[in-house]
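Student: Listed below are the residues making up each chain.
Protein chains: 2
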Amino acid sequence: MLSTMQDVPLLISRILTHGSTIHGTSQVVTWTGESGPQRRSFAEIGDRSAQLAHALRADLGVVDDDRIATLMWNNSDHVEAYFAIPSMGAVLHTLNLRLPAEQLVWIVNHAADRVIIVNGSLLPLLAPLLPSLTAVEHIVVSGPGDRSLLDGASPQVHEYEELIAGKPVTYDWPQLDERQAAALCYTSGTTGDPKGVVYSHRSIYLHSMQVNMTQSMGLTDEDTSLVVVPQFHVNAWGLPHATFMTGVNMLMPDRFLQPAPLAEMIESERPTHAAAVPTIWQGLLKELTVQPRDVSSLGQVTIGGSACPPSLMKAFDELGMRVCHAWGMTETSPLGTVARPPAAAIGTDEEYAYRLTQGRFPAGVEARLTGPGGELLPWDGESAGELEVRGPWIAGAYYSGPDSEPLRPADKFSEDGWLKTGDVGTISPDGFLTLTDRAKDVIKSGGEWISSVDLENALMSHPDVAEAAVVAVPDEKWGERPLATVVLKEGASADFETLRAFLGEKVAKWQLPERWTVISAVPKTSVGKFDKKVLRKQYAEGELDVKKL
Amino acid sequence: MLSTMQDVPLLISRILTHGSTIHGTSQVVTWTGESGPQRRSFAEIGDRSAQLAHALRADLGVVDDDRIATLMWNNSDHVEAYFAIPSMGAVLHTLNLRLPAEQLVWIVNHAADRVIIVNGSLLPLLAPLLPSLTAVEHIVVSGPGDRSLLDGASPQVHEYEELIAGKPVTYDWPQLDERQAAALCYTSGTTGDPKGVVYSHRSIYLHSMQVNMTQSMGLTDEDTSLVVVPQFHVNAWGLPHATFMTGVNMLMPDRFLQPAPLAEMIESERPTHAAAVPTIWQGLLKELTVQPRDVSSLGQVTIGGSACPPSLMKAFDELGMRVCHAWGMTETSPLGTVARPPAAAIGTDEEYAYRLTQGRFPAGVEARLTGPGGELLPWDGESAGELEVRGPWIAGAYYSGPDSEPLRPADKFSEDGWLKTGDVGTISPDGFLTLTDRAKDVIKSGGEWISSVDLENALMSHPDVAEAAVVAVPDEKWGERPLATVVLKEGASADFETLRAFLGEKVAKWQLPERWTVISAVPKTSVGKFDKKVLRKQYAEGELDVKKL
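These protein sequences, in sequence, are chains X and E.
Under my numbering, read the first sequence as residues 582 to 1130, first letter to last.
Under my numbering, read the second sequence as residues 582 to 1130, first letter to last.
None of these hints come from the bench; they were simulated from the model.
No false leads were mixed into what you were given.
The list treats identical chains as interchangeable, and a pair is accepted whether it falls inside one copy or across any two copies.
Taking lysine to any residue and the SDA-like style, the derived pairs with C-alpha atoms no more than 20 angstroms apart in a straight line are: (1) K993 x D588; (2) K1001 x D588; (3) K1025 x P959; (4) K1070 x V1103; (5) K1090 x E1078.
Start from the sequences, fold in the hints, and give me the full structure.
Tutor: Set out below in structure tokens:
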């Protein structure tokens, strides 16, 4: 029996039309440094998005699902690209300007981008790459920057404002299939080539509704959101789309991501919400001790990307800003969980513990934990397994180019289609996720999992230990066993037996490492995380002086 | 270019599974009169919904898209039917217990309901109809009531609790097509047979997300919602589904809809939200003057069904309850608009004016106004036209039985698929709807529309006028012209010339009625609305003593 409801697709053009009419007076404010903030209403962005679509079609010949890349900061022009490109049926490809040059080249060529819209301030990054970009026919430059860097470039060069000037301010947006590609974002895995995630109109629309639900970010048109998380990073956590659904104002920092201008824009524009990774906030807190600013407008701060240290959360609480943890990844659009404590915990001692978790799954995200043998584990808050998720805004494959079938590597997607997140943790009976390890850092010992992070935290609580990293090493009997690598504090003298006994008070006996070594420093990645790959390699190649207890 | 997102359907079983696990401790509290409230957790409702589905399949042989009717008050068992029936793939058909017997019979037969789940207290209503119900094979009785009324009934009779007892508490819910029928609700038009609206899993899922968005009802698991609006009335405005998405507790009044028990349950259960039509609230306010109760928990009251009189809204404001207008209809699932004032109006003189409108359209509901000639009218807050809407939870046809194509009557659906609501009003530039008339009550005079309600309100402000109804009557020159029918106050002596001059100060000259008559009372419908059909008929048959000025 078929329903009698209208068959109306969930399209990004609908979000744009809604936001630019019903919330036409809401604003996107872009920070421009000394020349004062640039203010653009949602109505103007609606007009200019239509103009951009006309320009792309009429002047640049964009058709069908052509990929149009953006190499841009967070700003109004980038918001226009967000709406114009998918709404006309093309695919928005956001480029991560922090990637190494060779990866950027690989990604642009892999996606076969025909057009790149670039901020003038990023031309020093783009210009040297142009000779390597095989499919790019047009460069559109937005905002200040030295155009002479493009002299002699082989793609045609256009000025954003000149291109859209005089074009009609309405566009007859096509009625697309909601499952059609809308946006493309590459995730740089630690191994192999970057993998493309292709969001659909449907996935972005549903994700936007979720962001606006009371138990997610819960913003209204009374709010202004400071969007620090880059637009090239999982659609800025869905904020540009979600805000157009409900009229939330956006404050965009453009390239002014340093603590001082961030503090200045908070004081002068008074956002009520902000979204960013923890490192940004650590810098901001430090800045505020040097140069106090009134940041009291910021009632809510969404933190994701990595866990917020409890000390940072407490520091924010003291400033009257409430940190709300969220967990997600490029493959989850990204909203996977949001850590709003359940009603029963509010005002109790448990409230803070809930806030330190990764958060609770919404109805749109199904979750399960799988153990070392692939078995399903209970949601008991204790059984640790790899998190797998399923839902209408979760990736089920990776893009592999226009002529190939999507990739479904077995370590990323289960046979029944769930995404294997690579994160290991527990889920409480009321659905709160606590992550402890990356799956690749877990030690699989005799059919049980040992959390490397638990061992590290326990070790680092010893007064003689400066840093400690625990990695899995092969073991004939158990498959894998933990290797403890320890950095001792200057002048400290603790021996391995002492440390092992200390650890024995905190974790189960079978988890205690037999293999120990002292190192001078834990190797780190470019973003400061422990680089366990290096340690595993050093062990395998016999470079570590390991003692077996 | 296809997206790489998972193809996961939007299903009611997902809402159930989510609510009964992650929000498992949230509760449905059903009022039972003197025996104390019945409390059931979402987890228990999850278990019992699975049991009900097993019983329907194994014991009653329900398969495919069989229609299962409910003739029930708002209570926990009814919530279980809401989830079990669509989740297993069958179709929930909610029966309006206020309909005349012959309409109920027609509807049950038209839907070919195989099973009816009925509250024991409603057996006096159902039993006499049974001989006329051609397809009904099973009656399942829930809750207290005299079973002997079913003695000798030809369908098999079951006890709800006995039927589900011992059945498994999990069910392998099928992965349905999200466009499949989930629920069926008939709307009783003023003319012709009742029309069925068939909601899909998709439409209900999306509508539930909308209900939970910040600018709709905006509830969280800290809230308890008193669901007075019947579950047989457009899915209780979507609340049972929406609450399972976010863990909002529900307080269900069952058959205790009188002002005194409502006041008592508010005082003792302390709901934070309530949803009902205005008449319920008028009764409650009166009750509170007789028997004061602490109703201070009720921060938010959603009112729909018909407009809330300003006096009632003010009275609620004084009690600390904030009334929020919403507009919708059976064909719109029903959430069409919600009257949350825009941020810029909050705290200003305009705030109250915004709250008196029908409200603002969400992104999921596209709206347009069509004028007398079918032309599109601007959103200027002044041009009045018939409201047409479009969206994924808006009906595009009516159910016409298992073997017929859906009905798309031209007066209800436009050629391009929009729903013609039959409501006439204006839309402001920021998307707020103000309804003035039903389309059939508007006077189409020489290509312009005259609002009968405006003329009536103006007339009724004259001190000599007790009531006034204005209807369209045929006119050779203008097509239609207004006929003013006036009920004078006792001892009043105003003549038509005086009234016409009085009206002339308030409305445009071309809108002034030429035809006038005095009547003893305005004919009313069973729910107390002006019955203009009767007046038009009396005029057509020459029964009114009309004077032409």
